[in-house]
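Asker: Residue strings, one per chain:
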Amino acid sequence: MKEFVTRRKRPLGVLSVLVVAVTAVAVGLTTGAQARSSADELKGAGATFPAPLIAAWQTRYEAAKGVKISYNPIGSGGGISAISNKTVDFGASDAPMTPDQFNTCGGCVELPWALSATSIMYNLPGLPNNLHMTGPILAGIYLGQIKKWDDPKIKAVNKGVNLPSTDITPVYRSDSSGTSFNFTTYLNTVSRQWKSQVGRGTTVNWPAGVGARGSAGVSGVVSRTPGALGYADIAYALKNHLKFFSVQNRAKKFARPGLAGIKAAALADRKFNPQSNELSIVNPPGSKRFAKAYPICTYTYVILRIQSDKANLLKPFITWALTTGQQYGRPLIFEPIPKYVVARGKATLKKVHP
Amino acid sequence: MAVAQERAPGPAALQRRGRFRPGDALLYLVTCAAALSGALLLALITREILVEAWPAMQKFGLSFLTTQAWGDNNKTLFGAKSFIFGTAVTSFGALLLATPLSLAIALFLTELAPGWIKRVVAPLIDLLAAIPSVVLGLWGILVLGPFITGTLGPAIHGTLGWLPIFASKPTVGSNMFAAILILTIMMVPIISSICRELFVSVPSELKDGALALGATRWEVVKGVVFPYARAGIAAAMILGLGRAVGEAIAVTQVIGNNVAIHADLFKPGDTLASRIAGQYQGADTALQVASLVYLAVILLVFSLIANLTAQLIVRRVAARHNIR
Amino acid sequence: MSAQAPTADLFRSEHMRRRRIVNKVVEGVATVAALAAVAVLIIVVSSVVRSGWDAINLDFFTKNQTLYSGFGPRPASGIANAIVGTLIIIGIAILMALPVGVATAIYLNELAPRKLANVLTLAFDVLNGVPAIVLGIFVFVFVVVGHGQAAWKASFALAILMVPMIARSTQEVLALVPASMREASLALGAAKWRTTLSIVLPQAVGGIVTGATLATARAAGETAPLLFTTALYSADTMTYDPRQPIPSIPMFIFTSAEQPDPVLHQQAWGAAAVLIGIILIASLIARWFADRSVQRLKGER
Chain G
0 MKEFVTRRKR PLGVLSVLVV AVTAVAVGLT TGAQARSSAD ELKGAGATFP APLIAAWQTR
60 YEAAKGVKIS YNPIGSGGGI SAISNKTVDF GASDAPMTPD QFNTCGGCVE LPWALSATSI
120 MYNLPGLPNN LHMTGPILAG IYLGQIKKWD DPKIKAVNKG VNLPSTDITP VYRSDSSGTS
180 FNFTTYLNTV SRQWKSQVGR GTTVNWPAGV GARGSAGVSG VVSRTPGALG YADIAYALKN
240 HLKFFSVQNR AKKFARPGLA GIKAAALADR KFNPQSNELS IVNPPGSKRF AKAYPICTYT
300 YVILRIQSDK ANLLKPFITW ALTTGQQYGR PLIFEPIPKY VVARGKATLK KVHP
Chain H
0 MAVAQERAPG PAALQRRGRF RPGDALLYLV TCAAALSGAL LLALITREIL VEAWPAMQKF
60 GLSFLTTQAW GDNNKTLFGA KSFIFGTAVT SFGALLLATP LSLAIALFLT ELAPGWIKRV
120 VAPLIDLLAA IPSVVLGLWG ILVLGPFITG TLGPAIHGTL GWLPIFASKP TVGSNMFAAI
180 LILTIMMVPI ISSICRELFV SVPSELKDGA LALGATRWEV VKGVVFPYAR AGIAAAMILG
240 LGRAVGEAIA VTQVIGNNVA IHADLFKPGD TLASRIAGQY QGADTALQVA SLVYLAVILL
300 VFSLIANLTA QLIVRRVAAR HNIR
Chain Z
0 MSAQAPTADL FRSEHMRRRR IVNKVVEGVA TVAALAAVAV LIIVVSSVVR SGWDAINLDF
60 FTKNQTLYSG FGPRPASGIA NAIVGTLIII GIAILMALPV GVATAIYLNE LAPRKLANVL
120 TLAFDVLNGV PAIVLGIFVF VFVVVGHGQA AWKASFALAI LMVPMIARST QEVLALVPAS
180 MREASLALGA AKWRTTLSIV LPQAVGGIVT GATLATARAA GETAPLLFTT ALYSADTMTY
240 DPRQPIPSIP MFIFTSAEQP DPVLHQQAWG AAAVLIGIIL IASLIARWFA DRSVQRLKGE
300 R
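Chains as they are written, first to last, in numbering that gives the first Met the number 0: chain G, 0 to 353; chain H, 0 to 323; chain Z, 0 to 300.
Calculated from the structure, these hints are not laboratory results.
You may find that some hints are simply not true.
A short, non-exhaustive set of chain Z residues, derived as facing chain H with CB atoms under 7 Å [as the list claims (entries may be wrong)]:
| hint | residue |
| --- | --- |
| 1 | 21 |
| 2 | 119 |
| 3 | 128 |
| 4 | 187 |
| 5 | 190 |
| 6 | 253 |
| 7 | 256 |
All residues carry an ideal CB built from backbone N, CA and C; glycine is no exception.
Please take these sequences and the hints and turn them into a complete structure.
Answerer: This is how it looks when you write it as structure tokens:
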């Protein structure tokens, strides 16, 4: 009987020693890293478009005010659904919410807090940066009609460039994306066929190409695939050393997605949508005022619940982001938002209460 | 596939007349509740999924299964046709590759390999089953994808390009062919381990009899082992298929997420599970969420049918041949 | 037991040589197939080890991930919070799944009438085949909507995955316990519950540990349930609170794999190596326990 008892205890003994050992190691390893309570933390999720800017804000805001901001770039659709499901304190989206989405959210406000450009990135080894691209050609590529890089239409706007006969692989966002919303809105304005066949939205039926998750995912596929072409915030193209096009605007000039191009485009719309505060600055008119404008720019928005337990932390953060935070966007090609947008944002922010 | 060899005497036989054992009653209650949890969870899962998908089921009905669309201009049209097609092509394609491989491996391990090789190779193949799908997906993106676009794809296109399934040269590593290869890697350990158990359980008298009659090893396998294990092999294939159909993570990493329906394997596509994994986090309208859960309903129905069928076959085989 | 007659006509072909050649060809094909499978395993594992090796250093295990927004190369950090998160999630999942699995096996093997046991076993076998993504949606709809993500909700989803496996392997080892032991105990006047808990169960501990370890190895690598329940976390902090969403190794690999940054790729390989290492160790432990318990029950120990 004694033998029986000792034998029974042994596997349990070994197991408990293992469990204790693993726990001890885990605790020992992690005493260096700090854990923080959720009391002084703001949780956000949403668009990948502003993620580089928000990352810059996170370290600086924590250093300045001691409040931790955490942000998960899961796409604009994810941001809208997360704030509607109350799993985060603020959501971020490049796409303005529809009235239905406001209903589902149940007491939310949206305001623009950053401004940048959607670059069209390409992977053509050996060729120079900033090749020329026009809206109709882009629509043709994403419709699957223009299939090779040495298509006559592309050659016509890139005289003197030795374009290869590689297949074009258009890359799009497979997740629900505000950048897709911005890009398809642009394609709607430059191609009647696109407008009738596909249309605009955060999720559309892409006729050709390959999907990837997030702006980072699109950049990843483009960087790995010779002959690929994709759309993402300009910061991603710069971060990953990807080439991007100069796109022709309505003033017939080829504009780059830089701070000057964005600043010019921002003048195209000053009328806020009453519910979502949307400003649509895609494909500005062809007048001289917009000669330098890059045609695929977009504001990006933050979504807040009107009634929030974290209102006393949220309001200072958003105010800071709208004002002091804008300067940190310049190196990442986020143009500081105009003063009237800041004013509108602050006015909307007043509605938020604990 | 285990059936209890010896059953303990039932409770009625042991109960003393007039003596109530509260400890026994407590044990009964607790363990019975635990055992019912499986059936309860199945019912609960089915109910919750159906309730969540109801708005889409009501709006689209069965035409959902034949509509090829995902998100129109106003986000009012969703359909599962592309994904049912993609799931069918990738899963059956993987089954086509995995079954002969698994049978060959099971044969090798039961009939051909000497003891020491068996002891080394068998655990290695089991280890293949233990590789997490996300790691296979990582390998698929960073290693297999470039290999397909750089070497394997052009080779296959060069020799078999006249077949519609290899009609174009792969330009990007995310395509249905990559998904088929990854799913094959996942299915082979499952099917081969079940087949191994089946082949071992073939009564040696039958095999010895055939050998005594002068049959070669292969003829014994073809004439005795395969017919004997036929039903079990079918069950193994169905279980492997069920695993492939339900795989979301590795597939969504390598398949390219495209809604088009075409025979070309070197083009991107999408499957039911992969679309759910890719879009669920970001579904921002109620109809899109319901449509994604409708996809999950289709997935659940298929996996329940496949699993039930496989399990019933296995039980019938076990009862008939009394194998463990 | 009905014997199945060989269906191939063995004497139709008189060409012994041809039959021998066919035999040899098939044997060759079978060998090649097995070697191919082993080769694939070696290729995948060596990719992981080769690419992940450079990422693995002490920092990898002690530092958290960093948030990085600059344009230069990202500094390499670690996945300490992801490792701890995975341990917490799996730990809670085991705590949820083990009692339910063992209790289920006791009922099905010792107490239930045979027909009911067969039906319930079938239910668990079918539950085992429900795809992990469907389980993820179920848990999301059941406990996450309206309440927020949390690590314990991920553990709940993983526990649903683990219970059928634990129940099955516990059942198998309970069946190996000889009836004579139970009968002796009952004959001595012990109650059924006393017999089960003090006589039968201790004999089965090895098998229970095997089943639990194998189930853990499977659950450690699952990503789909985590997508819905513990995906919105702060990548650079260490969180121990299971009521919050916390990082985990599979989520880290999933999100890093699709990024263009080669430093993140290397870290993903390193994380994959750690994950495979955990699973390998768990499988070896399970195998060791399985051999021990089977040997003991067969009287060889």
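Asker: Each hint needs a verdict: does it hold in this structure or not?
Answerer: Each hint, compared with the structure:
1. The closest approach between the C-beta of residue 21/Z and any C-beta of chain H is roughly 6 Å, which is under the 7 Å cut-off, so the hint is satisfied.
2. Restraint check, residue 119/Z versus chain H: the minimum CB separation of about 5 Å is within 7 Å; hint holds.
3. Restraint check, residue 128/Z versus chain H: the minimum CB separation of about 4 Å is within 7 Å; hint holds.
4. Taking 7 Å as the C-beta contact cut-off toward chain H, the hint placing residue 187/Z at the interface is violated, the least distance being around 13 Å.
5. For residue 190/Z, the interface hint holds, the least distance from its beta-carbon to any beta-carbon of chain H being 5 Å, beneath 7 Å.
6. Proximity of residue 253/Z to chain H holds as hinted, the smallest CB-CB distance being about 5 Å (cut-off 7 Å).
7. Evaluation of the residue 256/Z hint against chain H yields a held restraint, the C-beta minimum of about 4 Å falling below 7 Å.
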